[in-house]
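Protein chains in written order, with the numbering used here: chain B, 1 to 326; chain H, 1 to 593.
Keep in mind the hints are simulated off the structure, nothing from the lab.
Small disclaimer: the values here were computed from a predicted structure and weren't measured.
Ideal Cβ placement from N, Cα and C applies to all residues, glycine included.
It is possible that part of the hints are untrue.
As the list claims (entries may be wrong) - So the derived label-pair ranges between C-beta atoms look like this:
#	chain 1	residue 1	chain 2	residue 2	range
1	H	Arg399	B	Ile58	36 to 44 Å
2	B	Ala291	H	Met352	55 to 63 Å
3	H	Ile403	B	Ala291	54 to 62 Å
4	B	Ile190	H	Ala205	27 to 35 Å
5	B	Ala291	H	Trp517	54 to 62 Å
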Amino acid sequence: MNLLPLPDLLAVGAAIGRAVVLLLIVVLFAAYLSFIERRVLALWQDRYGPNRVGPFGIWQLPADVIKMLFKEDWIPPFADRLTFIIAPVIAMSALFISFVIVPVSPTWGVSDMNIGILFFMAMAGLTVYAVLFSGWSSNSKYALLGSLRSAAQTVSYEVFMGLSLMGVVAQTGSFNMRDIVEAQQGMWFIVPQFLGFVTFLMAAIAVTHRSPFDLPEAEQELGAGYHTEYAGMKWAMFFVGEYVGIVVVSALLTALFLGGWYGPGPEWLAGFWFSIKTLFFVMLFILLRAALPRPRYDHLMAAGWMVCLPLTLLNLLVTGAVLLMQ
Amino acid sequence: MGEKSGASTNGLPGSQHPVIAELFQRFGAARIQYQETLGAVPTVWVSRQDATAVLRYLRQAPKPYSMLLDLHGVDERLRRNRAGMPAADFTVFYHLLSIERNSDVRIKVALAANDLQLPTVTGIWPNANWYEREVWDLFGIEFKGHPHLVRLLMPRTWQGHPLRKDYPARATEFDPFTLDNAKQDLEQESLRFVPEEWGMARGTAHADYMFLNLGPNHPSAHGAFRIVLQLDGEEIVDCVPDIGYHHRGAEKMAERQSWHSYIPYTDRIDYLGGVMNNLAYVMAVEQLAGIQVPDRVKTIRIMMSEFFRITSHLLFLGTYIQDVGGMSPIFFIFTDRMKAYDVIEAITGGRMHPAWFRIGGVAHDLPEGWDKLVRDFVEWMPKRLDEYDKAALRNGILRSRTIGVAKYNSAQAIEWGVTGPGLRATGVDYDLRKARPYGGWENFEFEVPVANNGDAYDRAVLRLEEMRQSVKIIRQCLENMPAGPYKADHPLTTPPPKERTLADIETLISHFVGVSWGPVMPAGEACQLIEATKGINSYYLTSDAATMSYRTRIRTPSFPHLQQIPSVIRGGLVADLIAYLASIDFVMADVDR
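Please model the entire structure based on the sequences and the hints provided.
Right, here's the structure in full:
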């Protein structure tokens with residue numbers, strides 16, 4: 001056996017440790033977001049929200065988890081079993097995995113892939129399979145309609161989501177997230193890439209299926225949409241997957257446009273600044289849900305193709321022209 | 001009209017009504033038999049052979065009777081007081097309304113028990129379809145030429161016709177209910193939708209349609225309401241609304257409750273309308289009894305009715321915004337409703353269903369300090385309404401979801417029997433409170449909001465404005481509440497004023513009879529139309545000089561509104577249907593009774 005030298009071994013161990021800690025934080029925070037969202041929404045809507053379990057209701061999540069674990073793991077007899085089980089796994093993991101590209105501080109981060117953004121795009125592209133699989137395998141009409149909507153929604157936002165980030169990539173000259181954050185030391189990309197920021201924000205809401213772009217599960221229209229037939233832990237995976245998505249795209253928005261970990265004060269505050277900025281976007285997502293009605297899905301598609309796509313193309317052209325002139 | 005009618009018919013009973021005089025002249029007095037009623041609706045009998053011609057004439061006459069307001073039946077077999085009426089075992093009546101004339105007329109057709117059929121009028125008024133199905137369902141009267149005469153309210157598997165007098169009204173008169181597997185399968189099978197039965201194709205040459213059951217349990221169906229959609233993608237090719245899941249037999253119950261004890265049942269017809277339902281009922285009973293109520297009673301009733309118009313419209317607004325995806329306003333709106341209900345509770349003792357109006361008055365006088373509560377409410381409400389306008393109704397996404405969606409014009413609204421905000425949103429200025437004031441509304445200053453596009457957005461904006469007008473009316477009640485008794489001094493007032501009960505024997509006897517057996521209303525027919533929260537609500541009461549009603553027909557606004565759905569939504573998307581359903585503002589209890 002050819003063991004690595006001890007210092008290297010330690011370094012590998014530390015890297016693995018950090019990665020595990022980071023991902024655990026993400027998934028735990030995402031799970032707790034369900035509770036936070038309910039309390040915050042309640043605050044904005046003049047009511048209490050869940051405040052019974054423990055002080056301020058903080059044990060609501062464990063209570064929910066216990067309830068969920070004890071539910072019967074039920075698969076409808078008319079469903080396609082394998083696909084039905086795979087769908088929530090994809091829903092939970094696709095965006096979760098893409099968190100590995102996010103650098104949280106100068107020293108913390110799971111992986112420094114030089115194809116960072118491309119990796120995220122690939123994973124975001126996979127999320128649609130969760131919805132398609134669940135809608136198809138459920139063998140239920142409402143679920144099918146939900147997944148049809150999702151497919152339509154996906155083709156309209158995927159295109160401009162990719163393009164909206166190309167300005168940032170062009171300015172940095174790299175797909176690597178760490179390079180992108182470091183390129184914002186002087187000025188955050190939200191200023192020169194404002195159009196890119198706005199369009200990516202829209203795409204980010206759509207990719208997480210959050211209100212107002214929650215058409216695939218529009219409860220007033222489709223009951224629960226694509227996950228109508230799910231219950232228990234499999235349903236919970238869809239549920240947590242949605243919150244993981246929020247955390248991941250918020251972290252990406254922070255890293256791509258708000259200067260990542262940069263902020264006033266000493267360097268050890270890097271993680272703090274990163275978290276605060278991410279939290280800002282998370283709250284924005286929740287507030288949007290409280291504030292806006294839901295557009296019709298053909299209006300959403302029209303907005304994607306007729307407004308956002310031309311805007312991102314314009315952004316890319318201008319960025320390219322400016323870079324060439326320099 | 002006296003000049004218009006010929007000399008031969010001049011002076012005949014009934015010819016004081018222009019429309020009856022017109023019918024006399026057109027068809028001859030021999031073929032039109034006038035019936036005196038206690039209500040304001042002129043009523044004539046025609047033979048079955050003449051029925052279609054008379055109805056068609058009224059539909060096409062100058063200033064036509066374009067709206068079939070109501071169509072139903074009466075089982076006449078046990079009725080004793082039938083003087084001046086042709087022999088009949090069953091009656092079918094048509095209640096027509098002309099908005100241009102602001103007048104209505106009732107046409108009755110007598111039928112013999114061994115020959116229960118007459119021609120359909122679905123070709124004259126499209127909304128006759130459901131009414132005729134209901135009459136078939138509940139009386140077993142057949143309408144020849146009806147496109148699809150099947151049961152409407154009762155399950156397809158039902159035996160018998162419940163509104164017939166020989167059909168028992170009490171569950172105890174039946175064998176105990178059982179449900180075995182075979183019967184359950186049969187019931188479920190009878191609910192399966194068969195497209196061919198409705199003349200629908202299962203697909204085109206290239207693709208199959210999806211048939212989607214929206215309801216009876218669906219978040220946006222607003223109650224137990226099923227609508228079967230024929231979908232091409234998300235486009236609605238056609239649809240079939242299916243009602244009856246909320247049917248409780250309210251009209252049958254009226255035939256075994258005393259005139260007084262039926263009041264709480266009326267609260268539950270339009271369960272968001274509270275005492276507004278009582279109003280139509282007690283006003284019709286007062287017509288039978290010949291009671292004139294004091295001014296204070298009128299003003300109190302108006303104030304409470306307008307309170308319920310506000311709470312009903314508030315719930316509409318909240319669910320409407322929620323149905324297009326805006327989740328927050330409904331929580332604020334429920335706060336407002338609580339404030340309104342607090343006032344209602346302080347005055348009536350009840351909240352949603354106070355059952356507070358009485359024959360000849362109201363249950364109690366206003367409590368001490370009522371004016372402060374009402375004042376607080378009228379000062380609170382308008383600011384909140386402005387907020388909902390700004391935060392929700394002017395939101396761009398909400399407007400894009402509703403403007404131009406589920407649009408219909410005035411002619412379509414009238415031919416489908418649409419009343420209330422749904423009619424006024426098409427530009428027809430027809431509000432019974434103004435058009436033919438009843439119960440004291442003529443003494444108040446308010447406007448009738450009218451919109452022009454007749455789409456889902458206008459219906460919401462219009463209701464918001466109606467709430468402002470209701471607040472205005474309540475404010476006037478507050479400032480001008482007359483003094484005086486809260487009950488009419490009349491032997492049929494129930495319960496009667498107590499003051500003289502122990503002073504003289506006559507009052508004691510009538511008091512005792514009124515609160516034990518219930519009052520005996522003089523024989524006759526009365527009908528009161530009111531502008532309820534959702535449109536025109538009417539109670540058509542037939543008394544056979546007994547302690548209980550012989551027949552109570554409740555015309556509810558939501559029923560025709562649902563029948564209109566397919567004609568409006570064809571070609572729309574599922575999302576449009578949801579916005580449309582929300583904009584109708586129906587409750588299933590009001591549809592099914």
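Results of checking the hints against the structure:
At about 40 Å, the beta-carbon gap between arginine 399 of chain H and isoleucine 58 of chain B stays in the expected band of 36 to 44 Å. For the pair alanine 291 of chain B and methionine 352 of chain H, the beta carbons lie near 30 Å from each other, so the given range of 55 to 63 Å is not met. At roughly 20 Å, the beta-carbon separation of isoleucine 403 of chain H and alanine 291 of chain B lies outside the given 54 to 62 Å, and the hint is violated. Taking 27 to 35 Å as the suggested C-beta distance range, the pair isoleucine 190 of chain B and alanine 205 of chain H does not conform, at roughly 54 Å.
A beta carbon spacing of about 59 Å between alanine 291 of chain B and tryptophan 517 of chain H agrees with the range 54 to 62 Å that was offered as a hint.
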